[in-house]
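J.: Make the full structure from the sequences, and use the hints.
2 protein chains.
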Amino acid sequence: MSNARKVRAYTNIALIKYWGKRDDALILPTSSSLSLTLDAFYTETSVSFDESIEKDTFYLNDTLQDEAATQKVSRFLNLFRETANVKTPAIIKSTNYVPTAAGLASSASGMAALAGAANLATGLNLSPQELSIFARQGSGSATRSIYGGFVEWQKGTSSMDSYAVKIDDAAWDIGMLVVVVNKNQKELSSREGMKQTVATSPFYSGWVESTAVDLVNIKKAIRDQDFEQVGEITESNGMKMHGTMLGANPPISYWEPDSVVAMQLVRQLRKQGIPCYFTMDAGPNVKILCRLSDSQKIKTAFLNYFNEEQLIISGPGSDLKEVTL
Amino acid sequence: MSNARKVRAYTNIALIKYWGKRDDALILPTSSSLSLTLDAFYTETSVSFDESIEKDTFYLNDTLQDEAATQKVSRFLNLFRETANVKTPAIIKSTNYVPTAAGLASSASGMAALAGAANLATGLNLSPQELSIFARQGSGSATRSIYGGFVEWQKGTSSMDSYAVKIDDAAWDIGMLVVVVNKNQKELSSREGMKQTVATSPFYSGWVESTAVDLVNIKKAIRDQDFEQVGEITESNGMKMHGTMLGANPPISYWEPDSVVAMQLVRQLRKQGIPCYFTMDAGPNVKILCRLSDSQKIKTAFLNYFNEEQLIISGPGSDLKEVTL
Chain A
10 MSNARKVRAY
20 TNIALIKYWG
30 KRDDALILPT
40 SSSLSLTLDA
50 FYTETSVSFD
60 ESIEKDTFYL
70 NDTLQDEAAT
80 QKVSRFLNLF
90 RETANVKTPA
100 IIKSTNYVPT
110 AAGLASSASG
120 MAALAGAANL
130 ATGLNLSPQE
140 LSIFARQGSG
150 SATRSIYGGF
160 VEWQKGTSSM
170 DSYAVKIDDA
180 AWDIGMLVVV
190 VNKNQKELSS
200 REGMKQTVAT
210 SPFYSGWVES
220 TAVDLVNIKK
230 AIRDQDFEQV
240 GEITESNGMK
250 MHGTMLGANP
260 PISYWEPDSV
270 VAMQLVRQLR
280 KQGIPCYFTM
290 DAGPNVKILC
300 RLSDSQKIKT
310 AFLNYFNEEQ
320 LIISGPGSDL
330 KEVTL
Chain B
10 MSNARKVRAY
20 TNIALIKYWG
30 KRDDALILPT
40 SSSLSLTLDA
50 FYTETSVSFD
60 ESIEKDTFYL
70 NDTLQDEAAT
80 QKVSRFLNLF
90 RETANVKTPA
100 IIKSTNYVPT
110 AAGLASSASG
120 MAALAGAANL
130 ATGLNLSPQE
140 LSIFARQGSG
150 SATRSIYGGF
160 VEWQKGTSSM
170 DSYAVKIDDA
180 AWDIGMLVVV
190 VNKNQKELSS
200 REGMKQTVAT
210 SPFYSGWVES
220 TAVDLVNIKK
230 AIRDQDFEQV
240 GEITESNGMK
250 MHGTMLGANP
260 PISYWEPDSV
270 VAMQLVRQLR
280 KQGIPCYFTM
290 DAGPNVKILC
300 RLSDSQKIKT
310 AFLNYFNEEQ
320 LIISGPGSDL
330 KEVTL
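Quick mapping for you: the protein sequence lines, in order, are chains A and B. The numbering of the first sequence is the working numbering, which starts it at 10 and goes up by one. The numbering of the second sequence is the working numbering, which starts it at 10 and goes up by one.
Source of the hints: derived by calculation from the structure; they are not laboratory data. Nothing false has been slipped in among the hints.
Copies of one chain are not kept apart here, so a pair can be met inside one copy or by any two copies together.
Below, in silico cross-link-like pairs of lysine-lysine (DSS-like), each with a Cα-Cα straight-line distance of 30 Å or less:
(1) K204 to K192
(2) K195 to K280
(3) K164 to K204
(4) K195 to K308
(5) K280 to K204
(6) K175 to K30
(7) K229 to K330
(8) K280 to K228
(9) K229 to K175
T.: Next comes the structure, spelled out in structure tokens:
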């Protein structure tokens with residue numbers, strides 16, 4: 010216990026979305042995706058193996074978790090224990106600096122931080138690439154939270170080459186304003202939502218094919234630091250994902266009235282000459298890609314419709330890292 | 010002037026949507042569609058040829074219309090004049106009992122009524138089927154407003170066999186509650202919206218293919234008077250159309266915050282055991298398909314969020330008909 014080491018991983022928001030698996034067990038995606046890591050939302054986790062306990066014990070935000078939540082963590086830890094040939098139960102302590110399950114991808118930072126802490130506790134000394142492969146098996150989007158900046162999750166051909174790579178440090182004038190429309194647990198998990206979409210949406214092949222094109226284009230735009238182009242592709246790819254869901258049977262929609270308010274406001278600000286672009290995930294929250302230097306101005310405009318607590322500015326996050334306790 | 014005869018045509022709401030043309034000039038659609046004609050929204054129009062005037066004169070709701078609006082009517086009237094070998098200018102008087110361009114398909118009842126009035130004024134004595142072909146060339150959805158009840162617009166193979174046929178009188182317990190979210194002119198016309206969708210949405214082929222299946226299924230459900238089945242297909246096909254639009258580049262969305270409020274309320278009422286289903290067109294208004302016997306109860310629930318003037322109940326409308334002045 011005394012020598013538990015803590016790892017922090019930042020969440021990430023996909024600009025080119027991940028929406029659908031080709032392999033449910035291994036979490037292999039139908040298409041490659043690309044995200045921006047955010048420094049305002051992260052998870053810190055420690056893992057300490059302890060001979061004196063009988064089974065894994067999991068604390069989230071200082072609260073002992075139930076059987077179901079603990080089992081999910083145990084299963085993921087087993088990947089590390091098997092590799093390191095360890096059988097000892099562990100105490101896992103995790104603190105989420107993310108509104109849980111509000112579509113802010115807490116599972117991304119959560120599983121990435123757990124992977125990082127397990128790596129330290131087992132002494133496996135995995136490379137970031139190997140860590141990305143492990144994290145992926147906990148939660149698809151976690152594979153991207155190993156790195157900061159702009160990160161691509163290459164869909165790969167097997168479990169061994171489906172991992173994230175850093176595309177760009179995002180060390181330029183870029184950030185996000187996250188509009189928390191609703192931080193309650195969503196009714197349909199993204200896991201279920203994507204499953205139903207893949208199974209029933211007649212748009213799915215169109216989604217996969219056109220997303221591959223969007224990815225090529227956004228990587229070029231990032232290389233050129235062409236912010237408007239990055240934003241336009243982000244907004245169009247995100248709406249396309251939501252269109253794919255509306256094509257599911259029954260139709261899937263995560264939008265709430267305030268989601269539409271936020272999107273309309275972004276369009277309005279753009280008309281006024283402020284470059285900003287929205288994206289949404291499997292939830293009602295709206296994430297606005299903007300120049301970090303414009304973010305305060307945009308937030309001020311949003312304060313006419315939303316409360317201070319609903320508006321969170323973030324710059325680009327960094328790689329997963331060990332933090333001192 | 011003294012002998013001008015007036016024709017009334019009712020608007021219709023598509024349950025299986027028309028969204029895209031394969032021929033812009035002739036208005037031939039990419040897929041067949043199916044609608045319910047509504048008796049609460051209609052247009053009344055008279056056409057009288059007058060040797061004493063120099064050019065067509067068009068009054069809408071007792072207001073003399075400008076060049077652009079008049080030219081649109083003139084071009085449509087020319088189809089009849091050419092067929093009847095008439096060259097005389099006409100006075101056209103039209104009254105819209107529909108919030109214009111609010112996504113309530115005023116062009117459907119408008120062009121259908123104009124076709125009916127022109128038919129009388131020219132003495133062409135066209136059959137309903139011929140009238141449907143003429144009306145189609147004024148506005149696609151007008152082709153369906155020739156008939157009451159459930160109406161299919163068969164996409165056909167050419168201009169001569171792309172017309173509407175009546176599927177069912179809708180003489181059973183069925184109706185709609187129209188929620189007028191916004192009756193202002195919409196920013197992007199449906200003509201432009203569908204053009205952009207056809208040209209840029211990667212979902213378009215999926216839309217066309219799956220809509221053909223929806224049409225077969227809804228016709229069976231109508232034959233069986235299976236209301237729940239009719240409703241489920243309606244809701245899913247409508248959302249699919251909006252999904253196809255979100256796939257366009259740039260994405261197209263006609264939703265407003267209150268559109269989402271209305272859709273959420275429908276889902277809630279359904280959970281409470283009231284069968285009702287929503288659909289939306291190229292605008293923010295929400296149309297709720299329900300048992301006519303449930304419509305008052307549903308309206309009452311909506312009065313918690315909307316004003317009396319925004320909520321219009323309608324039963325099924327009838328065929329286009331002559332009305333006495």
